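Q: Protein chains in written order, with the numbering used here: chain H, 13 to 186; chain R, 200 to 399.
Take these hints with a grain of salt, some might be off.
[Said to hold, decoys possible] Each pair of labels, with its calculated beta carbon distance range:
id	chain 1	residue 1	chain 2	residue 2	range
1	R	Asp-386	H	Arg-31	32 to 38 Å
2	R	Thr-284	H	Glu-174	17 to 23 Å
3	H	Gln-97	R	Glu-393	21 to 27 Å
4	H	Glu-26	R	Arg-312	43 to 49 Å
5	R	Arg-352	H	Arg-92	41 to 47 Å
6	R	Val-255	H	Ser-73	54 to 60 Å
7	R	Trp-290	H	Ser-122	45 to 51 Å
8	R	Leu-245	H	Gly-70	53 to 59 Å
9	R	Arg-352	H	Arg-98	46 to 52 Å
10	H	Arg-31	R	Ala-272	38 to 44 Å
11	R	Arg-304	H	Gly-70	20 to 26 Å
12	R	Ala-227	H	Gly-70	26 to 32 Å
13	H	Glu-26	R	Arg-347	55 to 61 Å
14	H	Arg-22	R	Ala-305	19 to 25 Å
[What the hints assert, rightly or not] Computed far set for chain R versus chain H, every beta-carbon distance over 10 Å:
id	residue
15	Gln-226
16	Leu-289
17	Ala-298
18	Arg-319
These aren't lab readings, by the way, just hints derived from the structure by calculation. Nothing here was measured: the structure is a model prediction, and the numbers come from that model. Note that CB positions come from ideal geometry on N, CA and C, so glycine has one too.
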Amino acid sequence: MGEGKTPPGRPTFEQVVEREGARLWRLTAGYEWEQDVREDLYQEILVAIWGALPRFRGEASLTTFVLRVAHNRAVSHRARQRLRQRREHPIDAGLPDHRAAPDQRAEEGSEREALLEAVRALSPSLGQPVMLHLEGLSHGEIGDVLGITANAAAIRLSRAREALRDTMRKEAAR
Amino acid sequence: MKETVEPGWDDLQALWRKPAPPPRAVQARMRAAVRRHSLLMRLATLADVLSLAGMVALAAWAWRARPDLYTAAWIAIVIPLAVATLAFNLWNRRGAWRAVSESTRAFVDLSIRRARARARLARILRPFVAFELLASAGLLAFARATDRAPLGRLVLAGAAVAALAAAVVAWAGWYGRRARRELAELDDLRRQLEEDEPGP
């Protein structure tokens, strides 16, 4: 996959998958609960990273770069999913089901699944900064990924935290 | 990247990072899919370049065999079409990679611009096809008037051009509808991403 031409200092695609694979897999769970769709999204993200990697110049950390590509791919995936939903189920469109099936809940652990469901229930403007913060990014880095100021990222996070905890309490009580 | 944890987030962060990495089988399948995708992309580019080179070679051969007004007109119709097809394919593929490493806001803006460009392209295609049809009809009439080919072959050529034009118009209609639906979805997404934007 072009590793032979990788300039020194730039990681190869294989190294990126090795280093960031787990992070990217977690991210897919913040967008999709169904295993098949999640795998599709993961594949789309990897293909996008493969395509974008030659543009990595090291201005941001590799993690920030990879998360930027991944979130972009995820939002366009979500837009396409909604288009498909609208075509197939015109009445339900716009109301994505963010709840996992019971067997998925058991697999993930109910506490973690409650967190995932709460993240998926947030609007994209809040869900994205939350996922990035849960990965350990600073406000500045979140701003860099999303194209907003660090201050805006901080404000969104503080709004999201309450919504998240509230939803988690309700999900846990289910 | 310096990891940051704000008060009130540490337990959520620990919970978020709890799961295992993706299953090995999934990883292996994904790597194979990416390898397949990279091969397909290269093959598609190669096919585009080869088809343009083939058209240029055919035009050169035709011109050498019969350098007259008819051949010149045929070249003037076919070569711009082949160049435009290659340029569109390259633009479509390169743009996708260019946009994806931008920030989410810039990515959505670029995606909106690209969806608008695709919708525009679908609109432009109809007059373009009409022009190609008229030009082809003129060429065929000229060929008939100057007895360059038997009538049966000219009718066949005309039918082939008409069928191709109908297919392109049908494709343009579908492509334009899809681009407009995408545009509406992206506009909606842009609005959603800007919700909770702190005021000045």
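Q: A separate judgement is required for each hint: does it hold in the structure or not?
A: Evaluated hints:
1. Checking the proposed 32 to 38 Å range against R/Asp-386 and H/Arg-31 shows it holds: the Cβ atoms sit about 36 Å from each other.
2. For the pair R/Thr-284 and H/Glu-174, the beta carbons lie near 54 Å from each other, so the given range of 17 to 23 Å is not met.
3. For H/Gln-97 and R/Glu-393, the Cβ-Cβ distance of about 22 Å falls inside the hinted range of 21 to 27 Å, so the restraint holds.
4. Checking the proposed 43 to 49 Å range against H/Glu-26 and R/Arg-312 shows it is violated: the Cβ atoms sit about 33 Å from each other.
5. Evaluation of the 41 to 47 Å hint for R/Arg-352 and H/Arg-92 yields a pass: the beta carbon distance comes to about 46 Å.
6. At about 46 Å, the CB distance of R/Val-255 to H/Ser-73 disagrees with the hint of 54 to 60 Å.
7. Distance hint check: the CB atoms of R/Trp-290 and H/Ser-122 are about 48 Å apart, consistent with the given range 45 to 51 Å.
8. Distance hint for R/Leu-245 and H/Gly-70: a CB-CB separation of about 31 Å, inconsistent with the stated range 53 to 59 Å.
9. The hinted window of 46 to 52 Å between R/Arg-352 and H/Arg-98 holds, with their beta carbons roughly 48 Å apart.
10. Here the CB-CB span from H/Arg-31 to R/Ala-272 is close to 58 Å, at odds with the stated 38 to 44 Å.
11. The given range of 20 to 26 Å is respected by R/Arg-304 and H/Gly-70, whose C-beta atoms sit roughly 22 Å from each other.
12. Checked against the hint of 26 to 32 Å, the C-beta distance between R/Ala-227 and H/Gly-70 comes to roughly 29 Å, which is consistent with it.
13. For H/Glu-26 and R/Arg-347, the Cβ-Cβ distance of about 59 Å falls inside the hinted range of 55 to 61 Å, so the restraint holds.
14. Between H/Arg-22 and R/Ala-305 the beta carbon distance is about 22 Å. The supplied range of 19 to 25 Å therefore holds.
15. The beta carbon of R/Gln-226 sits about 6 Å from the closest Cβ of chain H, which is not more than 10 Å, so the claim that it is off the interface is violated.
16. At roughly 14 Å from the closest C-beta of chain H, the C-beta of R/Leu-289 stays outside 10 Å, upholding its exclusion from the interface.
17. Residue-level check failed: R/Ala-298 sits 7 Å from the nearest beta carbon of chain H, not beyond 10 Å.
18. Here R/Arg-319 stays apart from chain H, with its beta-carbon at least about 20 Å from theirs, past the 10 Å limit.
In summary, the structure is inconsistent with hints 2, 4, 6, 8, 10, 15 and 17 from the numbered list given earlier, while agreeing with the others.
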